[in-house]
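Which chain is which? The protein sequence lines are W and L, in order.
Once you know that position 129 of the first sequence is 129 in the numbering used here, the rest is easy, because the numbers rise by one and skip nothing.
Once you know that position 237 of the second sequence is 237 in the numbering used here, the rest is easy, because the numbers rise by one and skip nothing.
Since the hints were derived computationally from the structure, they do not count as laboratory data.
Don't take every hint at face value.
[As the list claims (entries may be wrong)] Residues of chain L clear of chain W, computed beta-carbon distances all greater than 12 Å:
#1 GLU95
#2 LYS100
#3 ALA118
#4 MET121
#5 PHE147
#6 LYS176
#7 MET185
#8 PRO189
#9 ASP190
#10 ILE219
#11 PRO220
#12 PRO244
#13 GLU286
#14 ALA316
[Said to hold, decoys possible] Stretches of chain W that chain L covers, calculated by requiring three or more beta carbons in the stretch to come under 8 Å of a beta carbon on chain L:
#15 31–40
#16 48–55
#17 76–82
#18 125–135
#19 204–217
#20 253–259
Glycine residues also receive a C-beta, built at the ideal position from the N, C-alpha and C atoms.
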Amino acid sequence: MSAAVSSGRTPNRLPAIAMSLVFAFIVLGPVVWALATSLKSEVEAVAIPPTLIPKVVTFQNYLKVFTDQSFVLDLWNSIAYSVGAVALSLVVGIPAGYAAARFSFNGKRVLMLTILATSMVPGVALLVPTYYLLDAVGLLNSGIVVTVILAARIIPQTVWFIANFVEAIPIEIEDSAFMDGASRSQIIRYLVLPLIKPGIAAVATIGIVTTWNDYITVAVFAPDLAKRTLQVALVNQVLDSVGISWSYMMAFVIVASMPIIIMFGFVQKWFVSGLTAGAVKG
Amino acid sequence: MEISYQPVEDNKRNKMSEPKSQTLETALNIASLDDAKAAEARRNGFFRYYLWFVPAILILFLVTLYPSIFVFWLSFQKTRYYELVGFIGLANFIEVFGSKAFWDTTFVSLTYVVGSLAGAMVIGMAAALVLNSAGITGSFLRVLILFPWTLSMSVVGSIWLWLLNPSFGPIPYLIKLAGMDPGLMLGDPDLALTLTILVTAWWSFPYVMVMATAAMQSIPNELYEAVEIDGGGAVIKFKYVTLPHILPSLGSTALTLSIMYLTLITLLIVMTGGGPLGATTTLSLEAFRGTVQAVNIGPTAVVSIVVLVINVAIGAVYTRLTGRVTG
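Let's have the full structure, built from the sequences with the hints guiding it.
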């Protein structure tokens with residue numbers, strides 16, 4: 001092989017690396033700026049000319065966020081809704097996904113297509129009818145209702161992903177357990193679930209991010225102060241922005257994103273596999 | 001091979017998976033695979049297959065399917081606030097489709113979706129290509145660049161509201177340093193939509209990057225080597241190997257994003273609230289506002305139906321493209 005070809009194979013990476021750093025700057029710059037602002041005093045945050053590095057690092061904004069009257073309740077609601085919704089979606093999604101992968105019966109295709117179709121109905125188009133119906137039966141401002149609605153948003157993808165994961169397990173493994181006298185529920189609990197654990201983790205990660213970040217569902221169907229989440233609290237502050245404190249707001253932004261940031265750090269791999277799994281032909 | 005007792009009706013697969021040292025006794029106790037499955041089917045009955053789906057379908061029916069049907073019924077009603085006054089046929093549709101505001105809103109939606117899509121696809125593709133050829137640095141930075149995608153729209157909106165703040169934000173400050181007048185930024189009716197499009201592209205291009213990278217990494221290296229042997233450079237490689245291979249993946253990514261942009265309203269609520277002067281009011285934002293303000297929900301139902309129909313149509317194309325229907 002000639003020298004020219006082999007040098008073409010290991011090209012000079014420097015320009016690409018430099019460009020990559022530019023992309024990283026574009027993406028992370030705003031986040032870093034928000035973080036820096038959150039560590040400044042209210043006065044320094046609006047100083048001209050603005051500086052990235054705070055002259056005096058202060059945690060008073062974070063202290064203010066944490067000691068805010070409704071903070072603990074907002075945080076609790078955020079956790080309860082998102083964890084509840086993901087748990088519910090798994091509880092109903094795993095049996096459906098397993099059955100879709102392992103049984104063949106009349107009407108399965110229609111059933112699965114119906115589930116897929118519901119994922120295409122946007123939540124924002126159902127605000128008016130859902131509000132009307134919930135109002136009519138007196139179920140507005142219910143934490144359970146919000147949790148179920150959030151779960152419904154992630155159930156279709158959960159069912160389809162689980163079905164794909166189960167299909168990837170060789171059926172022979174299940175058959176031999178079946179012959180040894182294991183029941184269907186034993187097979188699922190001790191054989192299938194451990195094998196698809198990475199898949200469940202990916203679906204759950206995406207589900208937590210989706211539900212934690214929701215604003216619309218909670219804001220419209222549970223506008224009560226006692227039922228709101230961190231996301232709703234954040235938007236409300238922007239909307240009544242009389243004498244807004246930017247450093248306080250950026251601290252709130254960081255705190256409201258913290259669980260997602262931590263999760264992203266730990267399960268980044270699952271997150272990416274969850275994203276790309278949706279694109280894989282099922 | 002040790003010979004063990006086999007029921008006559010045993011199939012081949014059963015024989016193969018039978019443990020070698022099986023005694024006569026246990027072999028007799030274990031029903032054959034087909035027997036076991038048949039027994040389960042008898043026990044459960046045919047219709048019991050559906051039971052596995054009942055909880056999921058029940059929730060989806062209550063939360064998604066029923067309101068989807070109900071919104072059509074609502075659109076035929078004369079309404080005062082949240083009160084139904086009576087059936088009025090297509091009057092709500094005529095009112096909505098006959099108003100200039102509706103078509104202005106539709107145009108804003110279209111501009112917003114197409115603009116954001118163009119931005120995210122181009123930047124995302126560029127990022128994927130650049131990071132792919134940046135070796136280990138690229139793989140490391142890819143993780144960091146994906147990060148904003150996980151942030152909520154309320155958070156993204158708040159951060160950019162601050163960065164673009166005309167009095168104290170760093171971006172207007174830089175524009176001033178460059179000797180230009182930043183003006184009102186998001187408060188400028190001529191600029192607000194462009195800025196929200198840029199922020200949307202900023203938030204979503206990492207998704208395009210990840211999808212494009214996943215597609216690129218599935219391309220066999222031999223194809224690139226073949227081009228090299230024939231003396232082709234980077235442009236030829238991209239045009240004849242990379243692009244044709246990732247095109248289907250890019251197509252489905254574009255459809256996914258279109259659906260997302262069409263219904264994305266939290267960012268708009270935080271950054272502009274639909275203003276100034278309706279410059280950033282999309283159809284979905286109108287559906288939201290109609291619900292919250294509840295002056296007259298009949299026309300709001302019509303706008304919701306428009307959003308619903310467009311989304312389902314794009315979703316159907318997506319399903320076709322990814323071939324899920326045959327699954």
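When I compare C-beta atoms, does the region 253–259 of chain W have three or more residues closer than 8 Å to chain L?
It holds: at least three residues are needed, and the region 253–259 of chain W offers 3 whose Cβ sits within less than 8 Å of chain L.
Just checking, L:ASP190 versus chain W, shortest CB gap more than 12 Å?
Holds, because the least Cβ-Cβ distance between L:ASP190 and chain W comes to about 23 Å, which exceeds 12 Å.
Decide, holds or violated, for the assertion that all CB atoms of chain W are farther than 12 Å from the CB of L:PRO220.
Check passes; 15 Å lies beyond 12 Å.
Are all beta-carbon distances from L:GLU286 to chain W longer than 12 Å?
violated (10 Å)
Verdict on chain L covering the region 48–55 of chain W, criterion of 3 CB contacts below 8 Å:
holds (count 3)
Assertion that chain L covers the region 125–135 of chain W - criterion: three or more residues, beta-carbon distance below 8 Å
holds (count 10)
Interface-negative label, L:GLU95 against chain W, beta-carbon threshold 12 Å:
The claim holds: L:GLU95 sits with its nearest Cβ about 15 Å from chain W, beyond 12 Å.
Should the label of L:PHE147 as a non-interface residue stand, given a Cβ cut-off of 12 Å to chain W?
Nearest chain W Cβ is 6 Å from L:PHE147, so the label is violated.
Mind checking, does the region 31–40 of chain W have 3 or more residues with a CB under 8 Å from chain L?
holds (count 4)
Beyond 12 Å from every chain W Cβ - status for L:LYS100:
Non-interface label on L:LYS100 holds, nearest chain W Cβ at 22 Å vs cutoff 12 Å.
With 12 Å as the threshold, tell me whether L:ALA316 passes as away from chain W on beta-carbon distances.
violated (7 Å)
Please count how many residues of the region 204–217 of chain W have a CB within 8 Å of a CB from chain L and say whether that reaches 3.
Check passed, 6 qualifying residues.
Hint compliance for this structure: hints 5, 6, 13, 14 and 17 are not met, and every other hint is.
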